[in-house]
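**Q** Take a look at the letters that make up each chain.
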Amino acid sequence: MAATRTVRVRVNGTLHEREVEPRLLLSDFIRHELGLTGTHVGCEHGVCGACTILWNGEPVRSCLALAVQADGAELETVEGLAPDEERLHPVQAAFVEHHGLQCGFCTPGFLMTVVAFLRENPDPDEAEIRRAISGNLCRCTGYVNIVKAVKHAARSLRARAPAGASAAPAGR
Amino acid sequence: MVTRYLGAPVRRNEDPRLLTGRGNFVDDIQIPGMLHGAFVRSTHAHARLKRVDVSRALAAPGVHAVYTHGDLGPLGDPLPPLIPHPTLKHHKTQYALAPDKVRYVGEPVAFVVADSRYLAEDAADLVEVEYEPLPPVVDLEAAAEPGAPLVHEDAGTNVAAHYTQRVGEPDRAFAEAPHVFTERLVMDRGCAQPMEPRGVVAHWDPRLETLLIWDSTQAPIPIRNGLARLFGLPERAVRVIAGDVGGGFGPKIMMFYPEEIMVPLAAMRLGRPVKWIEDRREHFWATNHEREQIHDAAIAVDDQGRIIAVRTVFLHDAGAYIPYGLIVPVVASTTLPGPYKIPNYHAEFKAVFTNKTIVSPYRGAGRPHGVFVMERLMDRVARELGIDRAEVRRRNLIQPDEFPYDVGLIYQDFAPLIYDSGNYPAVMDRALAMVGYDRFPEEQARARREGRYLGLGVANYVEGTGIGPYEGAKVHVEPSGKVLLATGVGTQGQGHYTSLAQLVADQLGVDVKDVHVVTGDTGEFAWGTGTFASRAAVVAGSAVYLAARAVREKALEVAARLLEASKEDLELEGGRVLVRGAPQRAVSLGEVAVAANPLRGTIPEGAEPGLEATRYFGPPRGSFAAGTHAAVVEVDPETGMLKILRYVVVHDCGTVINPMILEGQIHGGVAQGVGGAYYEKLVYDEGGQLLTTSFMDFLIPTAMEVPDVAIGHVETPSPLNPLGIKGAGEAGVIPVPALVAQAVEDALAPWGVRVREMPLSPVKVRELVEGSRREAPA
Ligand code: FES
Ligand code: FES
Chain A
1 MAATRTVRVR
11 VNGTLHEREV
21 EPRLLLSDFI
31 RHELGLTGTH
41 VGCEHGVCGA
51 CTILWNGEPV
61 RSCLALAVQA
71 DGAELETVEG
81 LAPDEERLHP
91 VQAAFVEHHG
101 LQCGFCTPGF
111 LMTVVAFLRE
121 NPDPDEAEIR
131 RAISGNLCRC
141 TGYVNIVKAV
151 KHAARSLRAR
161 APAGASAAPA
171 GR
Chain B
1 MVTRYLGAPV
11 RRNEDPRLLT
21 GRGNFVDDIQ
31 IPGMLHGAFV
41 RSTHAHARLK
51 RVDVSRALAA
61 PGVHAVYTHG
71 DLGPLGDPLP
81 PLIPHPTLKH
91 HKTQYALAPD
101 KVRYVGEPVA
111 FVVADSRYLA
121 EDAADLVEVE
131 YEPLPPVVDL
141 EAAAEPGAPL
151 VHEDAGTNVA
161 AHYTQRVGEP
171 DRAFAEAPHV
181 FTERLVMDRG
191 CAQPMEPRGV
201 VAHWDPRLET
211 LLIWDSTQAP
221 IPIRNGLARL
231 FGLPERAVRV
241 IAGDVGGGFG
251 PKIMMFYPEE
261 IMVPLAAMRL
271 GRPVKWIEDR
281 REHFWATNHE
291 REQIHDAAIA
301 VDDQGRIIAV
311 RTVFLHDAGA
321 YIPYGLIVPV
331 VASTTLPGPY
341 KIPNYHAEFK
351 AVFTNKTIVS
361 PYRGAGRPHG
371 VFVMERLMDR
381 VARELGIDRA
391 EVRRRNLIQP
401 DEFPYDVGLI
411 YQDFAPLIYD
421 SGNYPAVMDR
431 ALAMVGYDRF
441 PEEQARARRE
451 GRYLGLGVAN
461 YVEGTGIGPY
471 EGAKVHVEPS
481 GKVLLATGVG
491 TQGQGHYTSL
501 AQLVADQLGV
511 DVKDVHVVTG
521 DTGEFAWGTG
531 TFASRAAVVA
541 GSAVYLAARA
551 VREKALEVAA
561 RLLEASKEDL
571 ELEGGRVLVR
581 GAPQRAVSLG
591 EVAVAANPLR
601 GTIPEGAEPG
611 LEATRYFGPP
621 RGSFAAGTHA
631 AVVEVDPETG
641 MLKILRYVVV
651 HDCGTVINPM
661 ILEGQIHGGV
671 AQGVGGAYYE
681 KLVYDEGGQL
691 LTTSFMDFLI
701 PTAMEVPDVA
711 IGHVETPSPL
721 NPLGIKGAGE
731 AGVIPVPALV
741 AQAVEDALAP
751 WGVRVREMPL
761 SPVKVRELVE
771 GSRREAPA
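Those sequence lines, one after another, are chains A and B.
Going by the working numbering, the first sequence opens with residue 1, and the numbers climb by one from there.
Going by the working numbering, the second sequence opens with residue 1, and the numbers climb by one from there.
Accuracy of the hints is not assured; some may be wrong.
Said to hold, decoys possible - Cut-off 25 Å, straight-line C-alpha distance, at most; resulting in silico cross-link-like pairs (BS3-like, lysine-lysine):
no. : chain 1 : residue 1 : chain 2 : residue 2
1   : B       : K50       : B       : K101
2   : B       : K50       : A       : K151
3   : B       : K764      : B       : K643
4   : B       : K643      : A       : K148
Stated by the list, open to error - Using C-beta positions, here's what the derived DEER-type ranges look like:
no. : chain 1 : residue 1 : chain 2 : residue 2 : range
5   : A       : G35       : B       : E450      : 54 to 62 Å
6   : A       : P122      : B       : E608      : 56 to 64 Å
7   : A       : D123      : B       : I410      : 29 to 37 Å
8   : B       : M641      : A       : P122      : 51 to 59 Å
9   : A       : G35       : B       : G156      : 51 to 59 Å
10  : B       : P74       : A       : G35       : 33 to 41 Å
11  : B       : L645      : A       : D123      : 22 to 30 Å
12  : A       : T6        : B       : D697      : 36 to 44 Å
13  : A       : G35       : B       : L699      : 32 to 40 Å
14  : A       : D123      : B       : A749      : 36 to 44 Å
15  : B       : G232      : A       : G35       : 32 to 40 Å
16  : B       : R452      : A       : G35       : 32 to 40 Å
17  : B       : L699      : A       : R8        : 33 to 41 Å
Stated by the list, open to error - Which residues of chain B face chain A? A few of them, derived with a C-beta cut under 8 Å, are:
no. : residue
18  : P194
19  : Q492
20  : G664
21  : A671
22  : D697
23  : I700
24  : M704
25  : V706
I should point out that these hints are in silico values taken from the structure, not numbers from a laboratory.
Bear in mind that the values here come from a model prediction, so they are computed numbers and not experimental data.
Every residue, glycine too, gets a C-beta built ideally from N, C-alpha and C.
Let the hints inform the model, and build the full structure from the sequences given.
**A** Quick look at the structure:
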């Protein structure tokens, strides 16, 4: 077996330390080493966006990175968005309200993409929303209701945040 | 009884779980001691296997086993055929691992099991396979010719089946008709590409002697029954769970994919849990395809454009094996007549083996082909006779007072094709109004003056849904008052945890959130067939309704005793049974459940204990939904790019359980239809290599390409089930190719472009423009 390296990452606020093979994908590390199976893998070649996580606040495809590269990074996954099913993040709540998911496989990737997008652009128009999610594939919804959900999520995040400030990252 | 939930856009019970990363998808299953599998797959489309040497792979680190065909014993035989048909002469089925010959790129040759997926893939690279290439059979027409190289030598032909259905006297009708138009229409290969690839986890428990399987299948119960038979186990010793399945759309049902045999086999032989998860590249080879057909079609009409006869003679590409039988071509030829009155009809097809991935139903399952052919013929008639395209359709529609309408054919369920109910003119007129049909010519002219090319398309379809044989449901009230509903139809995103719960909640007067639905677990409910052919809501929904109603009756009887009231005076509301007009006299449903299952005393003779009932429902035949799609598109003749400006769907699927879920199904279907009509195409080279094996080559539409969809509903309930439901799962996808073809032709009318092939693409559109003789207007 190949020599291992130590990886230290903070995921959703919790510090993890593991010995891993250098070739281990970050997506596999998150799912199988840390057991955070909310992050999904749809293509493993960087197109579908199902594996999107936040890496120091930026959306990143975890299937395109190695776990060792994330050493020292701060990661957020879908599990960090809400403390439980009753207290959903506004983006999650908007997905419920506007039927933004069907099978739910692509959903964690969309949520992470959208959470990051709305921090950057709290008041997007439809064209901006469509562009922002165009790196995430969904085979069930035709995106119609995802777009709707993002619009409404933006509205409720704006209502929560003080004027001028961008929405606070959830789960912290 | 108040129906609070039937017909309401109830938010989904399953969402909070899925949204917080607590789904239960097959790759989420982790079992201590679990091993991981990887397949060695054929790199040749057609070759003899001379030698498979696994010695180096076996010696690789972390490897526990490497299986080839020789290790399989009786499981090395062809896997069981699924749906026989009298004309299917050569019902060739796939192998768990290829024996002496491979028949498509991606066919499994060996299975490696190791400590991790990484190590299994390393070792799979060390398996040495020596091939002796044979001439590949790739082109569909060439494959059907006599003298073509044979995919299955012992069949003596590549034609697996040759089937003809006729209505009236088509030959005479064509001979005598004043106008006959012919078209050659082609649909190329596509595939479903659910975002979750397939996967199987198997765990053999030697103490319980139970084989536990998690499988991303749309049909866990038949998988369980089949595996029990193949592995010589009692049915109760096999439990198949299809938890959350990340999209299905048809191909996640086959019985059996080779992997569904190999993973349990390895788990049983090694005494360790084994997991195999398909990767996306594998999925392109190993998960079934669809759509490839070549139709030679003809239509005969009178001077007014009234249909006298229709004929379609077509080739259906079955791929290397034909486990699923003739479902797709039969559905294509029986969907073709659609909402139109066709007194004489001739449908004839050959299902043909090729050295390509196996074909089985993908959302639409032949319906898009049938509608594409029929609607192209209608467009041709409109053009040739100079009749407005909506008008020519209207003249041929079956009228609302003509139901039940016998088309005169035999459908995929082997029952007569009889439309149960509908109002086709109302559906089409609504769609035309919504898309702005009457004002479009002016809109189009205005755009052309600005150098923009707009086109409108309108296409009709009838969708066979809700076929038998049957489904069942068990409804059970817990002492807590919570309700459990178990049924066999798994969900791949269709919202069964909610729509089926709505039916129960209405009957029992409980909150929809208090109905806990269990589906797709044979340990909970083991009778039924599965989620396909838009049948879950119709067939399982009806069974759920009947079971819930039986529990309601029982609750009323028991509560009448408890409350010393007459049954007729009671009602169920807010989780309680109460006396009408005297709400203080009430018992909770939980108390009723306890009373129905007493520790002392007795229950009335003939009664069953508990507040529980199981019911089954089998429809006499399918129920037929219908719809019209209409769209306005803009085509750029320079770049070939297509922009959809408006998209309208008017749909009649009878009684609607949950309009929010229904609309979501339609949105998704339209997106898939648009993908299949313009972006997605599986390309094989002449050697039988699949060239499109990633999302960089096979382009699934993103949010930038698919339109917003305006939806209108017409409701003509089905008389064939207690709630009047018709299925809706495929409605979004069916007419899209027909519609896009017509709209593109309309937009590019100045060039006289004709669309006879699907899918289109920017390149194709450019070719059409360049190929047209006429010059662009100044
Ligand atoms: S799994 Fe990472 S982009 Fe598809
Ligand atoms: S909800 Fe199924 S892929 Fe998006």
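**Q** Each hint should be assessed against the structure and marked as holding or not.
**A** Here is what the structure says about each hint:
1. Between the alpha carbons of B/K50 and B/K101 the distance comes to roughly 8 Å, so the proposed pair stays at or under 25 Å and holds.
2. The suggested pairing of B/K50 with A/K151 is violated, with an alpha-carbon distance near 60 Å, which exceeds 25 Å.
3. The hinted pair formed by B/K764 and B/K643 meets the criterion: a straight-line CA distance of about 15 Å does not exceed 25 Å.
4. Taken as a hint, the B/K643 and A/K148 pair is honoured in the structure, with Cα atoms around 20 Å apart against an allowance of 25 Å.
5. Distance hint check: the CB atoms of A/G35 and B/E450 are about 58 Å apart, consistent with the given range 54 to 62 Å.
6. A hinted range of 56 to 64 Å for the beta carbons of A/P122 and B/E608 is consistent with their spacing of about 58 Å.
7. The beta-carbon spacing between A/D123 and B/I410, approximately 58 Å, falls outside the hinted interval of 29 to 37 Å.
8. As the Cβ distance of B/M641 to A/P122 is approximately 32 Å, the hint placing it in 51 to 59 Å is violated.
9. A C-beta distance of roughly 55 Å is found between A/G35 and B/G156, which places it inside the suggested range of 51 to 59 Å.
10. For the pair B/P74 and A/G35, the supplied restraint of 33 to 41 Å holds, since their beta-carbon distance comes to about 39 Å.
11. Checked against the given bound of 22 to 30 Å, the beta carbons of B/L645 and A/D123, roughly 26 Å apart, stay inside it.
12. Between A/T6 and B/D697, the C-beta spacing of about 38 Å keeps the proposed range 36 to 44 Å intact.
13. Distance hint check: the CB atoms of A/G35 and B/L699 are about 34 Å apart, consistent with the given range 32 to 40 Å.
14. The beta-carbon spacing between A/D123 and B/A749, approximately 42 Å, falls within the hinted interval of 36 to 44 Å.
15. At roughly 36 Å, the beta-carbon separation of B/G232 and A/G35 lies within the given 32 to 40 Å, and the hint holds.
16. Roughly 54 Å separates the CB atoms of B/R452 and A/G35, a value that falls outside the hinted 32 to 40 Å.
17. Range check, B/L699 to A/R8: Cβ separation about 39 Å, and the 33 to 41 Å hint holds.
18. The criterion of a C-beta within 8 Å of any C-beta in chain A is met by B/P194, whose closest approach is roughly 6 Å, and the hint holds.
19. Among the interface hints, the one on B/Q492 holds; its C-beta lies about 6 Å from the nearest C-beta in chain A, closer than the 8 Å criterion.
20. Interface hint at B/G664: satisfied, since its Cβ lies 5 Å from the closest Cβ of chain A, which is below the 8 Å cut-off.
21. With a cut of 8 Å, the hint placing B/A671 at the interface with chain A holds, because the nearest CB-to-CB distance is about 3 Å.
22. Proximity of B/D697 to chain A is violated relative to the hint, the smallest CB-CB distance being about 10 Å (cut-off 8 Å).
23. Taking 8 Å as the C-beta contact cut-off toward chain A, the hint placing B/I700 at the interface holds, the least distance being around 5 Å.
24. Interface hint status for B/M704: upheld, as the beta-carbon distance to the closest one in chain A is roughly 5 Å, under 8 Å.
25. Interface restraint check: B/V706 against chain A, minimum CB-CB distance 5 Å, threshold 8 Å, status holds.
Checked against the numbered hints listed earlier, the structure breaks hints 2, 7, 8, 16, 22; every other hint is satisfied.
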